[in-house]
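Asks: Sequence:
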Amino acid sequence: MFRVLIVDDEPDVIAGLRLLIPWQSFLVTQIKSALSYDEAVQTALTFKPHITISDVRIDKEWGFDLAKQFSDLGLHCSFVMISGYDDFEYVRKSMVVGARDYLLKPIAAEELERVLYQIITEEYDTPLKLQANNEHDDESIDPVTKKSYSSYTNLTNKVIQVIHRDFGQPLSLKLFSKQFMVSERHLGRVFSQDTGLKFSEYLFVFRLEKAKSILLSTDYKISDIAALVGYPHPNYFHQHFRSYFNLSPTELRSSYQSKEEAP
Numbered sequence: 001m002f003r004v005l006i007v008d009d010e011p012d013v014i015a016g017l018r019l020l021i022p023w024q025s026f027l028v029t030q031i032k033s034a035l036s037y038d039e040a041v042q043t044a045l046t047f048k049p050h051i052t053i054s055d056v057r058i059d060k061e062w063g064f065d066l067a068k069q070f071s072d073l074g075l076h077c078s079f080v081m082i083s084g085y086d087d088f089e090y091v092r093k094s095m096v097v098g099a100r101d102y103l104l105k106p107i108a109a110e111e112l113e114r115v116l117y118q119i120i121t122e123e124y125d126t127p128l129k130l131q132a133n134n135e136h137d138d139e140s141i142d143p144v145t146k147k148s149y150s151s152y153t154n155l156t157n158k159v160i161q162v163i164h165r166d167f168g169q170p171l172s173l174k175l176f177s178k179q180f181m182v183s184e185r186h187l188g189r190v191f192s193q194d195t196g197l198k199f200s201e202y203l204f205v206f207r208l209e210k211a212k213s214i215l216l217s218t219d220y221k222i223s224d225i226a227a228l229v230g231y232p233h234p235n236y237f238h239q240h241f242r243s244y245f246n247l248s249p250t251e252l253r254s255s256y257q258s259k260e261e262a263p
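If you count the sequence shown from 1, position 55 lands on 55 in full-length UniProt numbering, and the numbers rise without skipping.
Hints are computed from structural coordinates only; laboratory data are not their basis.
One or more of the hints may lead you astray.
What the hints assert, rightly or not - Below, a list of computed lysine-lysine pairs in the DSS-like style, where the Cα atoms sit at most 30 Å apart:
1) Lys146 <-> Lys198
2) Lys105 <-> Lys158
3) Lys146 <-> Lys60
4) Lys259 <-> Lys221
5) Lys198 <-> Lys174
6) Lys212 <-> Lys174
7) Lys212 <-> Lys198
8) Lys158 <-> Lys212
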């Protein structure tokens, strides 16, 4: 679904990035590379990448100039700059040309995954974004509890806002307690009183309902859907899915398709 272009004058860096993360989990179906500025431009004109990961320094050329060149040519893609130098001026220039992030070599897998997730969910019209925009007719009603958001405390609403936005990321009560500077016990109690569900139960339901929506509206592989909703291990996803829907993902999809095809 998504195309990625990697630009670096070091072949080993390109090879390492190709193997660094499970690209397919982020719906990346094609990856091409370029070892020079000119090769990057020529490749991009035909390949039309959604995302370009470029070294700040490409031989004697600059990644900043490459980003501007792409823009001038009408190539609309998200840029991620990478570099071996922790130089604020490089960071500043990256932001000026609209780069989404600046990652230091050696690239950490979790950092690259974080940036890809943000780009795919925020900048491109993925099924996740479509679901977020179109899932309910009444945006004031929580789809999980069917309660009005206005009945929740401000703290609970803040937590739910993050869950709805970042459900594919690792989330926990501990993480939120640190983020909002409250104790886990207090946060858990307030959240449960507002929603009628424990935090873990709410996250469980929201992720699986999202998975169902994607499952029935796309032909994505089940392992890809699992990754998109926050399950890096497909077997764990299958267990949770069956326990909630009393059907496996494959069975639910087949049942839905059979009903759609029935006269």
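Asks: Hint by hint, say whether it matches the structure.
Replies: Evaluated hints:
1. Lys146 <-> Lys198: 15 Å, holds
2. Lys105 <-> Lys158: Measuring from Cα to Cα gives roughly 34 Å; hence the hint is violated.
3. Lys146 <-> Lys60: 58 Å, violated
4. Lys259 <-> Lys221: Since the Cα atoms of Lys259 and Lys221 sit roughly 20 Å apart, the hinted pair holds (cutoff 30 Å).
5. Lys198 <-> Lys174: 13 Å, holds
6. Lys212 <-> Lys174: 27 Å, holds
7. Lys212 <-> Lys198: This hinted pair holds, its Cα atoms lying about 21 Å apart.
8. Lys158 <-> Lys212: 25 Å, holds
The structure fails to meet hints 2, 3 from the earlier list, while all remaining hints are met.
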